[in-house]
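Protein chains in written order, with my numbering: chain L, 1 to 367; chain P, 368 to 734; chain D, 735 to 1101; chain A, 1102 to 1468.
Keep in mind that the hints were calculated from the coordinates and are not lab data.
Each hint should be verified, as a subset may be incorrect.
Think about it this way: if two alpha-carbon atoms lie no more than 25 Å apart in a straight line, the pair counts; the simulated DSS-like pairs of lysine-lysine are [claimed, not checked]:
#1 L/LYS313 with P/LYS580
#2 P/LYS375 with P/LYS513
#3 A/LYS1109 with P/LYS729
#4 A/LYS1176 with L/LYS88
#5 P/LYS442 with D/LYS755
#6 A/LYS1418 with D/LYS1008
#7 L/LYS88 with A/LYS1122
#8 P/LYS642 with L/LYS317
#9 D/LYS1096 with A/LYS1414
#10 A/LYS1247 with A/LYS1150
#11 L/LYS275 with L/LYS168
#12 L/LYS313 with P/LYS642
#13 P/LYS388 with P/LYS455
#14 P/LYS555 with P/LYS538
#15 D/LYS880 with D/LYS905
#16 D/LYS809 with P/LYS388
#17 D/LYS1009 with D/LYS905
#18 P/LYS442 with P/LYS375
#19 A/LYS1414 with L/LYS75
#20 A/LYS1417 with D/LYS1009
#21 L/LYS213 with L/LYS146
#22 P/LYS580 with P/LYS535
#23 D/LYS880 with L/LYS362
Covered, in the sense of this in silico footprint (three residues per stretch, anywhere, with C-beta under 8 Å from a C-beta of chain L), are these stretches of chain A [as the list claims (entries may be wrong)]:
#24 1105-1117
#25 1237-1248
Cβ atoms here follow ideal geometry from the backbone N, Cα and C, with glycine treated the same way.
4 protein chains.
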Amino acid sequence: MAGSVYGKLFAVSTWGESHGKALGVVVDGCPAGLELTESDVQRMLDRRKPGQSQFTTARKEGDEVQILSGVFEGKTTGTPISMMVWNKDQRSRDYGQIAYSYRPGHADYTFDQKYGIRDYRGGGRSSGRETIGRVAGGAVAMKILKELGIEVYAYTKSIGPVQIDPAKFNKEEILNNKMYMPDVDAAKEAEEYLKTKIHEQDSSGGIIECIVKNMPAGIGDTVFDKLDANLAKAIMSIGAVKGFEIGDGFAVAESTGSVNNDEFDLDADGHVIKKTNHAGGILGGMSDGSDIIIRAAIKPTPSISREQHTITKDGKKTDMVIHGRHDPIIVPRAVVVVEAMTAITIVDLLFSNMASRMDYVKTIYNL
Amino acid sequence: MAGSVYGKLFAVSTWGESHGKALGVVVDGCPAGLELTESDVQRMLDRRKPGQSQFTTARKEGDEVQILSGVFEGKTTGTPISMMVWNKDQRSRDYGQIAYSYRPGHADYTFDQKYGIRDYRGGGRSSGRETIGRVAGGAVAMKILKELGIEVYAYTKSIGPVQIDPAKFNKEEILNNKMYMPDVDAAKEAEEYLKTKIHEQDSSGGIIECIVKNMPAGIGDTVFDKLDANLAKAIMSIGAVKGFEIGDGFAVAESTGSVNNDEFDLDADGHVIKKTNHAGGILGGMSDGSDIIIRAAIKPTPSISREQHTITKDGKKTDMVIHGRHDPIIVPRAVVVVEAMTAITIVDLLFSNMASRMDYVKTIYNL
Amino acid sequence: MAGSVYGKLFAVSTWGESHGKALGVVVDGCPAGLELTESDVQRMLDRRKPGQSQFTTARKEGDEVQILSGVFEGKTTGTPISMMVWNKDQRSRDYGQIAYSYRPGHADYTFDQKYGIRDYRGGGRSSGRETIGRVAGGAVAMKILKELGIEVYAYTKSIGPVQIDPAKFNKEEILNNKMYMPDVDAAKEAEEYLKTKIHEQDSSGGIIECIVKNMPAGIGDTVFDKLDANLAKAIMSIGAVKGFEIGDGFAVAESTGSVNNDEFDLDADGHVIKKTNHAGGILGGMSDGSDIIIRAAIKPTPSISREQHTITKDGKKTDMVIHGRHDPIIVPRAVVVVEAMTAITIVDLLFSNMASRMDYVKTIYNL
Amino acid sequence: MAGSVYGKLFAVSTWGESHGKALGVVVDGCPAGLELTESDVQRMLDRRKPGQSQFTTARKEGDEVQILSGVFEGKTTGTPISMMVWNKDQRSRDYGQIAYSYRPGHADYTFDQKYGIRDYRGGGRSSGRETIGRVAGGAVAMKILKELGIEVYAYTKSIGPVQIDPAKFNKEEILNNKMYMPDVDAAKEAEEYLKTKIHEQDSSGGIIECIVKNMPAGIGDTVFDKLDANLAKAIMSIGAVKGFEIGDGFAVAESTGSVNNDEFDLDADGHVIKKTNHAGGILGGMSDGSDIIIRAAIKPTPSISREQHTITKDGKKTDMVIHGRHDPIIVPRAVVVVEAMTAITIVDLLFSNMASRMDYVKTIYNL
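Excised from the complex, chain L in its bound form (with noise of 0.2 Å):
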């Protein structure tokens, strides 16, 4: 049904299995003129790479990646940019029961009954190495948005019951704590949080939170393709996320207008601003020039150590459990992937609405 295809005019189109031979994504409708190298994808790409602490995952992964296509001294031509990573560590094992059983919280079962044969090794293509595509087109993305003075970030907002102290909110420490969190010291009550978890063979889950700064207003649809309902359905689609909201999300249902109206304004320069940001960007499926705030509720890791009841694929009941060493939290590598897919996003919209003005189109044009 050609799902691994997103976007209009920014289209990436991902491919890949956990131990087939390589990963990758196509980029098709990224814009002359760009600069782009390789570095400025893997920067992206070491972001989701595990292997770097006792909270992700043992495995080692090169993960370098190749721009194989697009791409001529050193700019993009606009033709498809073909990009690629090889899967290096596939050390055989036995795979025996995962094989033949269904894993709770894993797509095994359904996969078997949407396509009736599964490439059950490391999770096939419903593996978090799925996201890799993903995060390379995203980085393309993340490139045009720079060059238009659009900034996307996101981090980690709550891990199990642990949460960020807005006092203490510092952007330049997301990248220097494991947990990519913008503050110290929950980082660390939240790597507590975990041990306690790997030592009970358990895992957590967390809310990520992505903030858009910059954005020009009037960007998405005013019906179906809404800016904030394209953000769902593409932070959903990412694995794990079982919830998406947008500005004060689930608790505008026990809030009343007088509150959650954000009343206009105009700043000193005499620009239009809104006095609070209730709506979290977006008023009626079109940015409004505030910052917007998006977050995705990431579910536990479901790869656990202890055992658990299940079936098998001739159903069977059985006990399994996983064996191998794996991350207690899925978060934190999932903040790149929620940046990756917002951008791309955002650029499919903002190149959609180029036309949406007789105006624009004569600009371009030169009429």
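With chain L's structure known, arrange chains P, D and A on it following the hints.
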């Protein structure tokens, strides 16, 4: 940017403004051979009709739907189904301030930013009346699902602080009270709460929950076109929705793998079941055969009678009072819209899924 | 399969059957700020209207178009433009044989094969009246192109053996004769030829040529979305078209590179021109700035009064005579449809092209 | 503008430049359970490989395809199939004049107009090597069609003035001669003709014909997504194609209804057949069950050794001679590309068609 078209194989294209001549939808991709009458559609449309109580706007709307094409001798022919509702209640009034001032919490400002021009009468395309096309299209989708034995129903889960009590859940009650709550006591309590909001010239938010029963397993895709990702877009595209979640949703952030994983089991007949349904019926983007459970957070009606501060189109500060009678709550009227968007999304993915296996393809082509 | 929606950024969704209640189109993605009136659309619709001469069907059709949405105070607002024409002339008649027999050269048999059900009245969705939606949508596209200084016009190049004489080409003449030929002598000759066909209870084919003037260079894509590829789909999607060519078209098969290559040159003002235009204005899928020249081959009207052999729905041999008065030629009424489809296609690609370069993107977002 | 993605349910996303690192394709939407090996793909790729005769370029290309994803234990899994060919023969050379001058008949000028930047090495993305991705994707589609009993084959119908003789048609001969002609005598004659063109430093055009046998009836749509309209886009998207026709094609312009209509009949087994096939297997946009017969007109190779006049990038007149050895004819190498694009298009429409009737939908979902 063609943002009023939704769906790939089952596509709805909606049109119309609040105070324009008419509103409608073209449904393209409905299979041939489905029995369909105007009353099938009218029944769903009537559930979003205002004017039924003190909690909904007083505007009298007939909203009688006409099917203009695609049905012959009571059955769909496979060609586009065009459906339309005339706008009857277009009392001429002075739109003065709304025409040149931006209502807080509305799309007035962003609409002007995007298009540079705006049909300000009644909110234009950003009016709640825009959902007429969605609901009419959804009625066709619901009829298809019914033929397949799949049931979709939504209800009000909470209004402000008033939540339904799971112990009192009675599905039959939903359409019996104006709150569309499956708990008659909560409904009464919610009515009382809304009366206080009306008295305070204020409004309330709430939560809608939607259930899909008898869903076949394996529907949805593993990467971008995950079933839950598409549902998120569908639901977040409804005006006033600020959050979406599935299963345990945001609660997973504080859960652990050992609790959140749903173990597989067999029922008495040897069918695969899950012991719990924290996942809300979708694993790895594909339906797992258990109930799909989704929720939408709806913001309080932004039109309130209190004086609010805002700015005018030409950048001057002003105060405004939104005259007329307004619903103190959006939730009850949005329940049927959530059902409609859910049904449209599921039908589209059911159709896309038909070519997911070579044996399905061979079956259809008798090979 | 949603096959009545066409276009990516400028999308038309047509609907309606020959003898249904109405026919129409929803145009989604029209930029805001375009002046548009019903008479802009009516003017084009009138050119496809029958009942004007002995060579076109006698059916009286008002076909007065209504714009139901998307236009406010004479300008487009950027929201979907819904346009509709009521079916007035639905004389009740006995469709007996057509209902259960398959007319040679018509879609009756294939429609039944695809859908298993068929609205047989007047050809249903496969009627020439289906083009009403195309032409109304095309009228909007033509208005956009006019604003950009791009001109699209088509005409009859040949009817049966009667060809226009390039030496007598007079563009002003096109709309002056019922054949829509730019050569008044050829038009007279064609009328005589058609009279013989009517007398013989037969019909004639012909060729339509379409020119696009002042096309900006660089529109279209290098691979699948070549401008000529999209034009080919657009034109071949018109009923009765059996061939499409651009520039020298099929004649290139017997040409040589030294003749067929168009050498580049400079005009007096130093602008790039081509010395010849064998390519028909498109090189490598992208417009080269010279005139786009395309042609469509139209088959003879399949409805002829002679007795024909065929089969019935339940698989029995039969003879049939198609009663009523039929055009002996499709070509003249299809001229405006070719213009419409050409205009829609070019507008869609002009819009898609706006994000092809980083400097274009920066221009729109004032950076 | 994402113009390198083609297909709705069976989508191919191609990438790569003539002298970049590699070329390839991602095929998304291939059903699970199809047996697929690299040799299935290599066999088709080898037919477009140059270096086989004096009539094709001398460049040695291994073009060994690798399947990087989507296949497990010899069968497709339903996930994207990524296929790639490394560019091995990247002899460094002086691209001097090509880098700053526009070759007549090539996309150099239009590429610069669209993107403002161009990978001039070997034509970049507009090279014939771009078809590697199409053919690899087409090989997957051909395998699917084979499983369904549908056969697609193309051949050279004419080269310059040399046409095949229908009386000598021998399908087995097609792959036996370098011209890919089903008539060995015509093939010899064509070789002689091409020798004269080489001697004259010139090139020749020609016509390719493609046949689809055992096509089920009812595939394609009645309006925009007509089967022939989609085939037209697919074929016209191949570089150098200047015309497309189906059945009698342009000859219908001089035909009459009484001749052109194909009467329906019954064969000895009572199956519906047509007495003739002027329509080329498609009526009203849908397959009628008889052979689909389409033709493409291919222009002469634009790279010729003669001196040609043109202009430089900075707008100066110049003369240029295109060095190196060039095919005097594109036709034979394009035969397999026509097959590939035909197969991809038919597979995509076969899949879309599966939801055209409620009874099909019910069959798949066992209801």
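Hints and how they fare:
1. Our distance criterion of 25 Å between C-alpha atoms is met by L/LYS313 and P/LYS580, whose separation comes to about 24 Å.
2. Distance hint between P/LYS375 and P/LYS513 is fulfilled; the C-alpha atoms sit about 21 Å from each other, no more than 25 Å.
3. With a CA separation close to 19 Å, the supplied pair A/LYS1109 and P/LYS729 stays within the 25 Å bound.
4. A hinted pair counts as satisfied when its Cα atoms are at most 25 Å apart, and A/LYS1176 with L/LYS88 qualifies at roughly 23 Å.
5. Restraint check for P/LYS442 and D/LYS755: the C-alpha separation of about 15 Å stays at or below 25 Å, so the hint holds.
6. For the suggested pair A/LYS1418 and D/LYS1008, the alpha carbons sit about 12 Å apart, so the restraint of at most 25 Å is met.
7. In summary, the hint linking L/LYS88 to A/LYS1122 is supported, as the alpha carbons are separated by about 20 Å, within the 25 Å threshold.
8. Distance check on the hinted pair: P/LYS642 and L/LYS317 sit about 12 Å apart at the alpha-carbon level, within 25 Å; holds.
9. Distance restraint check for D/LYS1096 and A/LYS1414: the Cα-Cα separation of roughly 24 Å lies within the 25 Å cut-off, and the hinted pair is therefore satisfied.
10. For the suggested pair A/LYS1247 and A/LYS1150, the alpha carbons sit about 23 Å apart, so the restraint of at most 25 Å is met.
11. Between L/LYS275 and L/LYS168 the alpha-carbon distance is near 23 Å, which keeps this suggested pair within the 25 Å criterion.
12. About 17 Å separates the Cα atoms of L/LYS313 and P/LYS642, which keeps this hinted pair within 25 Å; it holds.
13. A threshold of 25 Å between alpha carbons decides the hint, and for P/LYS388 with P/LYS455 the separation of about 8 Å falls inside it, so the pair holds.
14. Between P/LYS555 and P/LYS538 the CA atoms are separated by roughly 16 Å; this keeps the pair inside 25 Å, and the hint holds.
15. The straight-line distance between the Cα atoms of D/LYS880 and D/LYS905 is roughly 17 Å, inside the 25 Å bound, and the hint therefore holds.
16. Under the criterion of a C-alpha separation no larger than 25 Å, the hint pairing D/LYS809 with P/LYS388 is consistent with the structure, at around 15 Å.
17. At roughly 23 Å between alpha-carbon atoms, D/LYS1009 and D/LYS905 fall within 25 Å of each other, so this suggested pair holds.
18. A distance of roughly 22 Å separates the Cα atoms of P/LYS442 and P/LYS375; the hinted pair therefore holds under the 25 Å criterion.
19. About 19 Å separates the Cα atoms of A/LYS1414 and L/LYS75, which keeps this hinted pair within 25 Å; it holds.
20. Restraint check: the Cα-Cα separation between A/LYS1417 and D/LYS1009 comes to about 15 Å, which is no more than 25 Å; the hinted pair holds.
21. Under the criterion of a C-alpha separation no larger than 25 Å, the hint pairing L/LYS213 with L/LYS146 is consistent with the structure, at around 11 Å.
22. At most 25 Å may separate the alpha-carbon atoms for a hinted pair to count; P/LYS580 and P/LYS535 meet this at roughly 20 Å.
23. A C-alpha spacing of about 11 Å is found between D/LYS880 and L/LYS362, which places the hinted pair at or below 25 Å, so the restraint holds.
24. Coverage of the region 1105-1117 of chain A by chain L holds. Counting CB-CB distances below 8 Å, 11 residues qualify, and the rule asks for three or more.
25. Coverage of the region 1237-1248 of chain A by chain L is violated. Counting CB-CB distances below 8 Å, 0 residues qualify, and the rule asks for three or more.
Hint 25 from the earlier list is the only one contradicted by this structure; the remaining hints agree with it.
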